[in-house]
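Protein chains: 6
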Amino acid sequence: MRILVINPNTTASMTDKIRETAVAVAAPGTEIVALNPADGPVSIEGHYDEAFCLPGLLEETRKGVAAGADAVVIACFDDPGLEACREIVDVPVVGICEAAMAAASMVGHGFSVVSTLDRAIPIIEALALKYGFERHCRRVRAASIPVLALEEEGGAAAAKVREQVLAAIEEDRAEAVLLGCAGMTDLADALTRETGVPVIDGVAAAVKFAEALVGLGLKTCKRGAYAPPRVKSYSGALARHAPQPPLKAAE
Amino acid sequence: MRILVINPNTTASMTDKIRETAVAVAAPGTEIVALNPADGPVSIEGHYDEAFCLPGLLEETRKGVAAGADAVVIACFDDPGLEACREIVDVPVVGICEAAMAAASMVGHGFSVVSTLDRAIPIIEALALKYGFERHCRRVRAASIPVLALEEEGGAAAAKVREQVLAAIEEDRAEAVLLGCAGMTDLADALTRETGVPVIDGVAAAVKFAEALVGLGLKTCKRGAYAPPRVKSYSGALARHAPQPPLKAAE
Amino acid sequence: MRILVINPNTTASMTDKIRETAVAVAAPGTEIVALNPADGPVSIEGHYDEAFCLPGLLEETRKGVAAGADAVVIACFDDPGLEACREIVDVPVVGICEAAMAAASMVGHGFSVVSTLDRAIPIIEALALKYGFERHCRRVRAASIPVLALEEEGGAAAAKVREQVLAAIEEDRAEAVLLGCAGMTDLADALTRETGVPVIDGVAAAVKFAEALVGLGLKTCKRGAYAPPRVKSYSGALARHAPQPPLKAAE
Amino acid sequence: MRILVINPNTTASMTDKIRETAVAVAAPGTEIVALNPADGPVSIEGHYDEAFCLPGLLEETRKGVAAGADAVVIACFDDPGLEACREIVDVPVVGICEAAMAAASMVGHGFSVVSTLDRAIPIIEALALKYGFERHCRRVRAASIPVLALEEEGGAAAAKVREQVLAAIEEDRAEAVLLGCAGMTDLADALTRETGVPVIDGVAAAVKFAEALVGLGLKTCKRGAYAPPRVKSYSGALARHAPQPPLKAAE
Amino acid sequence: MRILVINPNTTASMTDKIRETAVAVAAPGTEIVALNPADGPVSIEGHYDEAFCLPGLLEETRKGVAAGADAVVIACFDDPGLEACREIVDVPVVGICEAAMAAASMVGHGFSVVSTLDRAIPIIEALALKYGFERHCRRVRAASIPVLALEEEGGAAAAKVREQVLAAIEEDRAEAVLLGCAGMTDLADALTRETGVPVIDGVAAAVKFAEALVGLGLKTCKRGAYAPPRVKSYSGALARHAPQPPLKAAE
Amino acid sequence: MRILVINPNTTASMTDKIRETAVAVAAPGTEIVALNPADGPVSIEGHYDEAFCLPGLLEETRKGVAAGADAVVIACFDDPGLEACREIVDVPVVGICEAAMAAASMVGHGFSVVSTLDRAIPIIEALALKYGFERHCRRVRAASIPVLALEEEGGAAAAKVREQVLAAIEEDRAEAVLLGCAGMTDLADALTRETGVPVIDGVAAAVKFAEALVGLGLKTCKRGAYAPPRVKSYSGALARHAPQPPLKAAE
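One line per chain: the protein sequences are P, W, G, L, R and A, in this order.
full-length UniProt numbering puts the first residue of the first sequence at 1, with every later residue one more than the last.
full-length UniProt numbering puts the first residue of the second sequence at 1, with every later residue one more than the last.
full-length UniProt numbering puts the first residue of the third sequence at 1, with every later residue one more than the last.
full-length UniProt numbering puts the first residue of the fourth sequence at 1, with every later residue one more than the last.
full-length UniProt numbering puts the first residue of the fifth sequence at 1, with every later residue one more than the last.
full-length UniProt numbering puts the first residue of the sixth sequence at 1, with every later residue one more than the last.
Honestly, I wouldn't trust all of these hints.
[Unchecked claim] In silico SDA-like links for lysine to any residue, alpha-carbon gap of 20 Å or less: (1) R:Lys232 / A:Leu117; (2) W:Lys222 / G:Asp189; (3) R:Lys160 / R:Ala149; (4) A:Lys222 / P:Arg138; (5) G:Lys222 / G:Lys232.
Just so you know, these hints were derived from the structure itself, not from any lab.
Please construct the entire structure, taking both the sequences and the accompanying hints into account.
Printed below as a string of structure tokens:
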């Protein structure tokens, strides 16, 4: 099976880290295609950035599934465009926040999230509510680092993440800690080993859950909320994005 | 005061109807600027269309506030881009779903919504949850009409809306009925008169609530969730949308 | 339009402050009639006081609407008698807590409330739940001052309010702060200017939202929860309060 | 022990039925004092009537506890004045809706309520939310009868109640049915026998739960929400109701 | 009436304490039968222990009701087996957590619980959610003592409980404090007297509420969730536990 | 990896069906060990049966993990003993209801469940609440068939399940339908093909999610809710079940 892992920002070094994680956890028969759009924000920090990652994300989703991807993973912890992607394909689409929260709920009684900047806190709290994990989520914390600090040498950002992970375990009594940014994907294993508490990276979780859904033969329901976009015209510069008949997974 | 009312789709006839409503309810000193982006979907029916209304919506928001708008109304009942718009300006930004639900909660004990297509139901239910009105919202109904049917001659679409409004009052015991699409803006008054129950159009509600917020001297809080987008570069074709320092309302 | 602003306690100096605020925010065409009942508690601090403000509040509501008021504002942050007032008139009736919470939800992501005494905390928490803002409301704080301390010279009470407003912004990360007592109505603007965070006074908010509802032509739904009281007799000393056929707004 | 059962309306025949039920379920050592205020509504049907039952209810509560009552039952299913009564005494105060819902939650998995008029539905739904039983409460139904119809000869009202009780069991799969008006107190036993499902009268439930609380030596907590009303003056005709230092149960 | 109070662990000294409390609060006509199963855990601290208290608890429930018990109290604060017991008898079955929370909700506005070990916290939080008291429950605290420490001489465990009760009142503003273990049953009265805040023991509360339900003539509904177990065979060593036709209370 | 799939009832034909499903979806490297306890109920229909499946379920869990299982699946839709099993092992333990609901939430916007008997409805509703899916779960339906009817020739039970699946899609607008009994495991694929809507079997879902968790290197957190049972003695016939030091997954 082929899983398309899309980093919705345009920072290639982050895409590389994401690919590394995805490949490391993928099952023997799974091919990982990790990429990022050419156009869009270099990092996603807030709703405005989210808006401008969508054209690239949606286009890569469409193209990737047309080329045979069996599932799509959106590798940004804000899960941008999750519902829109589900509309345009019928293979499963999994967000890394969604997957991390579901995994956490199965290995511990309550979890905390360690994100980057304060401004991410309300976004992740809103996702917990949307997915139904608002009672499982004990606290969303910010390590007070911009996303791209995680790409820098020296590990100062990693140290700040570690500090919040430890605080989540002690102060929130978290029984699992989620790393709330795809750029933290390389930190999970060491923190799990150090703390003895599951520290969960959403990229890995989403890849494995996507494998699970594909293995179950499940596809996104095309009735109701995720029905294909209605065919219509788009005006002006966006005309080429106008909805076409829905894509099918390669058969 | 000047209120910018943005129809996020590109159908000018709908913008005309929206302008008409906005002007009709605006207070004497209020200037209404109603417009739609040049680029984007001709109607917004689902998450994919929503994604592609955002570039135009955000650009018009930025330009309109730079030119002196004191508040912004997003005239699509899905309230697309509400949080993103709030990030880039410091004047109040009001969604028509948000305003209609708040108004309904003040004149009746529970409300129903009459929307266009089935696929809008989960979107509006999610908004009710986000705004805190999930217990006030008795039911979201669909009139089973595409958005642009509301622009057609003959009133067949209006008849279907009316049918659901009546059903909401009888079957849901709704004490207010919200018209769940900006394209229904011209139907509210007649239905209120016919039924004796408040039938609320979000365009009108949002204009009046925007006037209220401006009259109160309230601005969008620029700390936390709606802090200005962090200055950064956007790659490729989207480079010109990269966040600049935040706009101020004209003084 | 004429808006009747009722201070449900009998302290005239507080009514004066309330009138001042209301007049200051009212639109050009709006006439403010601010008054308090002759009979009842000098301040409202708890459920017992609330009970005894109701006869005067309801009588003033009835009389004021009979005399032509287009909307009623109940200027006590406990929103006493809100539903009862809605039963006896068909013009909009707005509570100041209700209006302040709705306004706050439109300009910030989460709010805190600063009230007077500890005993107000559960009352305001219950209102947040009733209105659907229990997730938006981060914390209800008490400044530990009796209501009438706000009427005294010297500003000691104002200093305590300010202290809690600052704590709400720092500790609760509140993106709006509500002043939880009508007697604080004169403090909002200075605190907003000082903190850069919207500090919202319910009296002003309710006046503007009442203007908005009247401008929308909305009336309280007379089916269901707010149907007119059934005509019946009241025994003994309360006979004169027995429900009469419902009042209409002056036409 | 002495339990004061207050019918907050002024209809003596209903007080008689209430007394009969209370006496029938009271334990051997329990003295029942059932009474109604002299002043106030002849029946309580909505928020306005509720407001005007409060002066009498509060006065009887104060007097009855001063005279030695060990607990107070408020015998109206809207539980009017529950918190205000708790402020002025330190003996337990129990509402009949509150008690009926608590009892139902212990003998069945979900319950429905059969009330009088449609307008009672939102009031009882709000109580279920306040008490935490909103998930246990499957539906609030109205028998479409005014309260005082239950005092009339012939049993037409009783037949309508029975019809809704049967519907609650069949359609809502209710595992307990609450009679949502003190005036239905005489119907519970026969309906329980007929249906085999617990049909619960709140008057009886509240008397037994009040006995239980007194037997446990529990008193209303006088810190926080139910602290005694602050001593202050009331203006004009209501001066005599001004809060005095809190009453103690006779010792 | 006869109330069967089952301590689901096998520690006889705890059963003695429980009996003492139950007898002390029982009404004159109430016979208390307090016992524990011969087989099972010596204390219940977590889900595994809970599982192994069930066979003994269910067998004693069945036998005790067959022998004429009119109600059953499960005297462990985790309320283990509550629903299973309700399936096999038609008399009321009351859990001590359930009863304590219901009692607390009637004498204070919000409560905290003081339990034994940290691991009890999520269990009691889950019960609060199940019973609907998640908003009433301000915090579940642990005194960091194993259950059987409460059976030891010297009062060290009692001192730790007292410390948390005081903290609940000061820090959580709890208006009632629940003792979250049947082994604390002897501590409630002194703590209530010391603090002036209701400190509630579940054993006592459940006995009185069981008396109340019996006094009301209420039985567990045998339709729906608590229908008798379907008659079937059990394999192997558990064959003798296979469901028989439902027991009736002695008549 | 080895996944232990425990059918907690003792009906071998159902275990065979469960094994067949598990083997069919397992990844190449996954060994499935499917078994049922020798002792216990032949089917699990309600809380009493649940109680008596626990000793066997827990013993098989302990033995299977000691023998090298990397994860455990509990193959009964009531998810009995889920938390207790998590206490005694440190490998992941997944319930089939839990897994099915998580999978459904990723491929459709709202789901319904089709279970066996009416009495299962409140049990599954309670699980939805526990897992956080109470808003995703549109309705729990019963096909009105005993569990073991699914083991009988002729397909009458399957026809009734199909009927409810179709009703869930039409009436509840379900975008995924969960088969609410492990005995229905063989029906999912055909119903998915027939309806075009994901019809999800929990056994398959749990096996794939268990594979995912193992692939992620995640283990059950041994701090907090799922800490190992405290070492202690159990009395009498249950002595041999007394908690031992926690098992580790074979390394």
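Verification of the hints:
Of the pairs offered as hints, the one joining Lys232 of chain R and Leu117 of chain A holds, with about 15 Å between alpha carbons and a cut-off of 20 Å not exceeded. As the CA atoms of Lys222 of chain W and Asp189 of chain G are separated by approximately 17 Å, the hinted pair is consistent with the 20 Å bound. In summary, the hint linking Lys160 of chain R to Ala149 of chain R is supported, as the alpha carbons are separated by about 11 Å, within the 20 Å threshold. With a CA separation close to 18 Å, the supplied pair Lys222 of chain A and Arg138 of chain P stays within the 20 Å bound.
With a C-alpha separation of about 18 Å, the suggested pair Lys222 of chain G and Lys232 of chain G falls inside the 20 Å cut-off, and the hint holds.
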